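Residue numbers (our numbering), protein chains in the order written: chain S, 1 to 99; chain F, 1 to 695.
Bear in mind the hints are in silico, worked out from the structure with no lab data behind them.
These numbers were taken from a predicted model, which means no experiment stands behind them.
A hint or two may mislead.
Unchecked claim - Facing chain F, according to a computed beta carbon distance under 8 angstroms, are these residues of chain S, among others:
hint, residue
1, L79
2, L82
3, I84
4, T87
5, L94
Each residue gets a CB set at the ideal place from its N, CA and C atoms; glycine is no exception.
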Amino acid sequence: MTDARAEMRRYAIGAILSAVLTLAAFWVVLADGVARGTALWIVGAAGVAQIAVQLRCFLHIGSASKREDLHLILFSALLAGLMIGGTIWIMTSLHGRMH
Amino acid sequence: MARQATDPIFGRLDWSVTPFDDFLAAPSIDEAVASAAAAAVPLGALAVIAVLTWKGLWGALWRDWLTTADHKRIGIMYIVLAGVMMLRAVAEGFVMRAHQVTALDGGVLSSEHFAQLFSTHGTIMIFFVATPLVTGLMNFAVPLQIGARDVAFPVLNQVSLALTASGAGLVMISLVIGQFGTGGWTMYPPYTSATFSPGPGVDYWVWAIGISGIGSTLAGLNIAVTIYKNRAPGMRFLRMPMFTWTALCTSIMMIYAFPALTVATAMMALDRTLGFHFFTNDLGGNMMQYANIFWMFGHPEVYIVVLPAYGVFSEVSSTFSAKRLYGYNSLVIATMAIAVISFTVWLHHFFTMGQGARVNAAFGIATMIIAVPTGVKVYDWMATMFRGRVRLSVPIIYLVGFFFLFVFGGLTGVVLANPTIDYQIHNSQFLVGHFHNVLIPGVIFGVLAGIHYWFPKAFGFRLHERTARVGACLWFAGFVFAFLPLYWLGLMGMPRRSATYDNPAFEPVMWVTAGGAAIVVAALGVTVWNFYASTRDRAALACPVGDPWDGRSLEWSVPAPPPAYNFYALPQVKSLDPWTIEKAEGAPYQPADAYEDIEMPRPTSLGVVIGGAAFAMGFAVTWWVWWLAGVSLAVIAGAVIARAFVQDTTRTIPAREVEAAHQKVLQQARQIRAVDRDDEIAPANLGHAAPEVPA
Chain S
1 MTDARAEMRR YAIGAILSAV LTLAAFWVVL ADGVARGTAL WIVGAAGVAQ IAVQLRCFLH
61 IGSASKREDL HLILFSALLA GLMIGGTIWI MTSLHGRMH
Chain F
1 MARQATDPIF GRLDWSVTPF DDFLAAPSID EAVASAAAAA VPLGALAVIA VLTWKGLWGA
61 LWRDWLTTAD HKRIGIMYIV LAGVMMLRAV AEGFVMRAHQ VTALDGGVLS SEHFAQLFST
121 HGTIMIFFVA TPLVTGLMNF AVPLQIGARD VAFPVLNQVS LALTASGAGL VMISLVIGQF
181 GTGGWTMYPP YTSATFSPGP GVDYWVWAIG ISGIGSTLAG LNIAVTIYKN RAPGMRFLRM
241 PMFTWTALCT SIMMIYAFPA LTVATAMMAL DRTLGFHFFT NDLGGNMMQY ANIFWMFGHP
301 EVYIVVLPAY GVFSEVSSTF SAKRLYGYNS LVIATMAIAV ISFTVWLHHF FTMGQGARVN
361 AAFGIATMII AVPTGVKVYD WMATMFRGRV RLSVPIIYLV GFFFLFVFGG LTGVVLANPT
421 IDYQIHNSQF LVGHFHNVLI PGVIFGVLAG IHYWFPKAFG FRLHERTARV GACLWFAGFV
481 FAFLPLYWLG LMGMPRRSAT YDNPAFEPVM WVTAGGAAIV VAALGVTVWN FYASTRDRAA
541 LACPVGDPWD GRSLEWSVPA PPPAYNFYAL PQVKSLDPWT IEKAEGAPYQ PADAYEDIEM
601 PRPTSLGVVI GGAAFAMGFA VTWWVWWLAG VSLAVIAGAV IARAFVQDTT RTIPAREVEA
661 AHQKVLQQAR QIRAVDRDDE IAPANLGHAA PEVPA
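Using the sequences plus the hints, can you model the full thing?
So this is what it looks like as structure tokens:
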């Protein structure tokens, strides 16, 4: 198989997996009978899985990646942690004082 | 959400949307101001069209500017766009100050009109003045400083500019057609929800900011990748000029901060247009989440716009003191520290929202910490000037003004960082004083210093030094009178954004601030006039060799204006300040060992098409013209797909041609007398610097 075909295949797999994970997230919310807590966890897991799929299939992050890619991923993780962690902390505190 | 039936062709557009009919129906000063402003937009556009037609410049405008992929011209267009928007926003500031003189128990403008003025003033100044100014400077200077021929993605660069311009266009057209939102530049729901602000005003804001925000994200990506991938051989990270370092940090921050803004505006658009409930009061919405997401962007944005200004100050303090930058490594570390810490302080914009004291304390402490690296920088710049051979040129005047005013503004920020104090003075004029005190001496002074510094590089002639010095001093004086009194007003209890007040003690202070605003208008006038006057006298101010200030980094080694491909042969960098070292070793302006064919991007109309379609889409959604929104979206998608099929995207400049051009330039440099710093602003300074020793 040529390089171009392998690359094409990788993009196709990425696109299909991303679509499936997105639809799954919608499905658990729209479907009856999935408990609210369970649905939220599934949506979160699908989101994280989709990040992994896109990094692997679209951005070609893998064992052969360069050091710069690692910098990028670590810095992204740091900022995402700050933003998401901060939001959860702030909004939980707010929620607790709203009663 | 129930919505009244609208016309299938025109949506909710009808003949009553302009301010002119309101003026005719009930003439007043308020409506006259609105109508005059609305008339200025089409009249200004007509004047530009008339001049372009009269001078026969349409072809040149299209070929050399609108379709170009040259980073230098795109950078200049960013700055011109910001300049035009700045004229409007400064005028609005002056109108507000003039109104406040009359606003004791009343005032000439309606409170609705006043609310629109402060909303557009803030929106324009942040998104269409500060952001494009720094993006323009980075676009122009970064590839030249790192020895690159262009940015990493030249066509994407053009698209970024077009998206920013279409957002600016939406704000401008809101003057004539409909009204702008009245929720301030941050547009907090629930006031800005479809329930309480059903008109088109907030939609204009949402789409202007949404579209231009995507442009800024792309611009950040472009500059970051350029610095990572396109540096000249030998240009290690710790040999990069300080401005490039700040540009790297700013562009990385743009990549992470602007998506938060895109998310906030997209959620607001879904709420307003499709009846979602992200930020509504009922059905599970939470409007506090908007403030949270918005400021996750909003605080980094402050540092996005100020870091490149710090970069300019680093360059000019060293160049105009003829000394190497003091504490280069500490400046790099301080810049990186600011870039990260600025993502940990966003809550200080809403201390009073109702979260617990622990949360407030943590963010308050983080806010105080971020002042430390900035303090390090200020000391570094002062130490750079210390015992240097300082010329009091225009950029240095701005730098000295920055020392006095910015440090003061930064200290009031540390005051505000304490949540207990913030509870007392938030939402007052004290806050207005604070953020103008950091943004004007920080960003505007920095960018003006940068424009005066790099103008000769961009156009091949200097700006009139004397006029520019008058302008710089006027900026300083105007700022002091227009904004420092606001601290007193705030402490005395005057709220921000209030169209009227009832304390007679405020009135004399309002006269002072209005006087200050008039001086700011004069300063802007002098600055604009100087561009005209210097262009008129460009023969006497020419500096074709390209090194009028005895510069230190690579951009000063090429002629002014630089060739489209920037460097005749890619430089080999062996140290920091490579151009100074080369001059000190006595052998600048040497031919290269070998020349290569150069591949440059061809012009393309992709940016104009995408920008135009994005503008039409934003306008269409604002006015519920759904067919036009669909068509515009299809045009954007079609243009991107069509571009993918274009094969012939570059042109090649043969090595022989490059060599001939270089020989010509070198011969010119040899013929022109080198001048020392005593003649820096004399006509004899044709851009060939006699180096100041030692380096």
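Comparing the hints with the structure gives:
Taking 8 angstroms as the C-beta contact cut-off toward chain F, the hint placing S/L79 at the interface holds, the least distance being around 5 angstroms. Here the hint on S/L82 is kept, as its CB sits about 5 angstroms from the closest CB of chain F, short of 8 angstroms. With a cut of 8 angstroms, the hint placing S/I84 at the interface with chain F is violated, because the nearest CB-to-CB distance is about 10 angstroms. For S/T87, the suggested interface contact is upheld, since its CB lies about 6 angstroms from the closest CB of chain F, less than 8 angstroms.
Because the beta carbon of S/L94 sits about 5 angstroms from the nearest beta carbon in chain F, less than 8 angstroms, this interface hint is met.
Consistency note: the structure conflicts with earlier hint 3 alone.
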